[in-house]
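Residue numbers (the numbering used here), protein chains in the order written: chain A, 36 to 371; chain B, 36 to 371.
Heads up, a few of these hints could be off.
Note that the list lumps identical chains together, so a pair holds whenever it fits in one copy or between two copies.
To be verified - With a cut-off of at most 27 Å between alpha-carbon atoms, the simulated DSS-like pairs for lysine-lysine come out as follows:
| hint | residue 1 | residue 2 |
| --- | --- | --- |
| 1 | Lys211 | Lys50 |
| 2 | Lys105 | Lys250 |
| 3 | Lys328 | Lys104 |
| 4 | Lys293 | Lys104 |
| 5 | Lys38 | Lys50 |
| 6 | Lys211 | Lys293 |
Since the hints were made in silico from the structure, they are not lab data.
Protein chains: 2
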Amino acid sequence: MGKRIGKQSIKLDSKPKIISAYSVVGPKEGEGPLSEYFDLILKDDLNGQKSYEKAESSILYKAITECIKKAKIQETDINYLLAGDLLNQISSSNFAARDLDIPFIGLYGACSTMTESLSLGAMIMEAGFANYLLAATSSHFSSAERQFRYPLEYGSQRHPTAHWTVTGAGAMILGKTGNYPYISYVTTGKVKDYGITDVNNMGASMAPAAIDTIKQHFQDTGRGPDDYDLIATGDLGKYGKDITSKLLKEYGYDIEEKYIDCGDEIYGSSQETNAGGSGCGCSAVVDCGYIYKNMLSGKLKRVLILSTGALLSTTSSLQGETIPGIAHAVAIEYGG
Amino acid sequence: MGKRIGKQSIKLDSKPKIISAYSVVGPKEGEGPLSEYFDLILKDDLNGQKSYEKAESSILYKAITECIKKAKIQETDINYLLAGDLLNQISSSNFAARDLDIPFIGLYGACSTMTESLSLGAMIMEAGFANYLLAATSSHFSSAERQFRYPLEYGSQRHPTAHWTVTGAGAMILGKTGNYPYISYVTTGKVKDYGITDVNNMGASMAPAAIDTIKQHFQDTGRGPDDYDLIATGDLGKYGKDITSKLLKEYGYDIEEKYIDCGDEIYGSSQETNAGGSGCGCSAVVDCGYIYKNMLSGKLKRVLILSTGALLSTTSSLQGETIPGIAHAVAIEYGG
């Protein structure tokens with residue numbers, strides 16, 4: 036039976052195991068410094084589809100089905116698929132789910148979806164309602180650009196603090212047994228809004244949520260930066276990462292030596308991605324690729340991952356609204 | 036500890052109680068046949084806001100905060116808010132959550148959101164991770180019209196099988212104890228797509244999902260139409276309801292005498308809403324108003340509610356995609 040810990044956290048006594056993880060990335064991400072950790076690097080970011088939206092859905096489907104194969108189970112063994120994405124009405128996830136014979140729970144948490152789906156998945160496992168379940172998400176540079184910003188054909192100049200949406204999809208399967216990295220704690224975030232209105236500075240808009248959830252996780256669990264080998268936020272990018280690190284120090288938590296941001300890691304400095312990567316796929320592929328594989332190999336024993344979401348829409352921004360953010364934290368442990 | 040029942044269902048041994056429910060509707064819904072069951076009928080569908088999107092978010096916030104008051108608990112007693120809506124990036128829910136001091140889990144299930152949020156809420160309660168949690172959703176005629184169809188100012192002619200999006204929001208609080216209607220079973224739906232492309236016939240696009248989930252619920256639980264006083268689908272409208280009733284008969288389940296559709300009930304025949312109501316708010320306000328109050332008064336003892344979602348986006352339809360549907364079933368019982 037599950038336990039609440041502090042104000043926003045839970046402890047998973049059943050230790051849901053991440054029995055399989057799979058990551059698919061686009062060509063640009065495949066040229067970045069983490070390329071060796073991804074399971075599949077696409078040669079063509081359309082993935083043989085007729086539109087970028089269909090391409091995004093197809094790479095999510097690919098990540099899900101390959102993750103199932105890797106776990107050596109059948110699609111029908113999976114009791115729930117928890118997935119979401121950035122597209123209006125999460126169409127990538129809906130259309131991927133249409134081709135799968137799995138009960139589907141659609142989520143929207145913007146770029147926080149990977150840890151949102153893992154958090155809910157861990158709770159469902161703890162309740163005993165699933166033997167296996169799948170948590171997944173995706174994003175695509177070109178479908179995001181034209182939905183949130185400008186048609187690609189305009190060739191708009193990019194702001195120095197702007198992010199580059201990751202083309203990629205990640206999937207993880209949770210199971211009950213076996214010797215795998217497992218989820219020990221979940222801290223569910225609140226929506227935080229510090230009044231940022233600049234849609235070209237997502238890092239600043241999401242940083243308050245990341246800071247709040249990390250701080251709350253430490254307070255609830257009694258843990259601190261020393262208890263983790265790695266703390267990885269989702270897609271704050273270099274500017275948001277800097278804010279997070281500095282402000283947490285003011286709160287008495289020096290995470291600097293343990294801290295990476297997936298958006299800051301995924302591209303090399305010569306790839307001209309300004310603040311770094313973003314999108315639901317950003318933390319998904321870094322978590323499913325780099326982090327999961329480094330846990331399996333024993334290099335990382337205790338990790339805190341936080342996908343981070345900017346909860347704006349084009350309509351809310353056009354109507355003068357500020358940009359709220361959210362971050363959900365999942366602690367994963369293995370060995371040690 | 037929770038039990039899986041059959042292929043897609045679960046039994047809630049902890050019987051999560053619906054300790055409070057609240058419904059807000061717009062003026063048009065307040066003139067309909069169910070008006071006496073709604074907690075608040077707005078005089079102005081802008082609710083004092085500057086845009087229809089802000090209005091929708093404000094009525095969701097109203098439903099949530101009034102539901103908390105009705106339960107005689109504090110906002111900070113609520114461990115999770117599970118909410119979603121139809122707007123791009125679920126902006127109504129995100130902005131309502133911003134003003135609440137509650138950990139937030141964003142969902143997208145189109146008009147299936149009320150039973151999606153209740154389903155997940157019930158699982159989290161069963162896991163022991165919440166003392167109280169809140170499931171909520173909203174829709175607004177005018178924000179939906181301009182996002183999914185045409186600017187209102189065009190005065191477009193409406194198709195005979197078109198729906199009228201309900202302006203309304205519903206919220207339910209789940210708790211552990213007390214003498215209240217409780218959730219006994221949940222059946223989580225799969226995405227079903229029978230090739231409908233007509234965006235003016237949502238009932239037909241969602242009916243296969245409703246049929247599949249009802250049939251699966253009966254198979255999994257061993258129950259049948261006679262075990263329920265009422266079976267209520269979300270927003271299939273009169274045409275989708277007809278398809279559902281007829282096809283279930285072919286599968287050997289005659290639900291006709293127990294069966295209502297919330298979209299078919301919410302407006303009177305003189306209100307010119309064609310197929311009937313739709314939108315996340317449709318099943319939400321009928322479930323939180325009409326059904327919950329009739330359970331409390333003892334008129335209904337065992338009810339199966341299924342909110343139903345059409346998982347299209349304007350982009351997917353413009354790209355020639357068909358319209359997938361989904362339906363999640365929640366069995367609620369009280370007394371008797």
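Next on the checklist: Check the structure against each numbered hint from earlier and tell me which ones fail, lowest number first.
Outcome noted: Hints 2, 4, 6 are the ones this structure does not satisfy, whereas the remaining hints hold.
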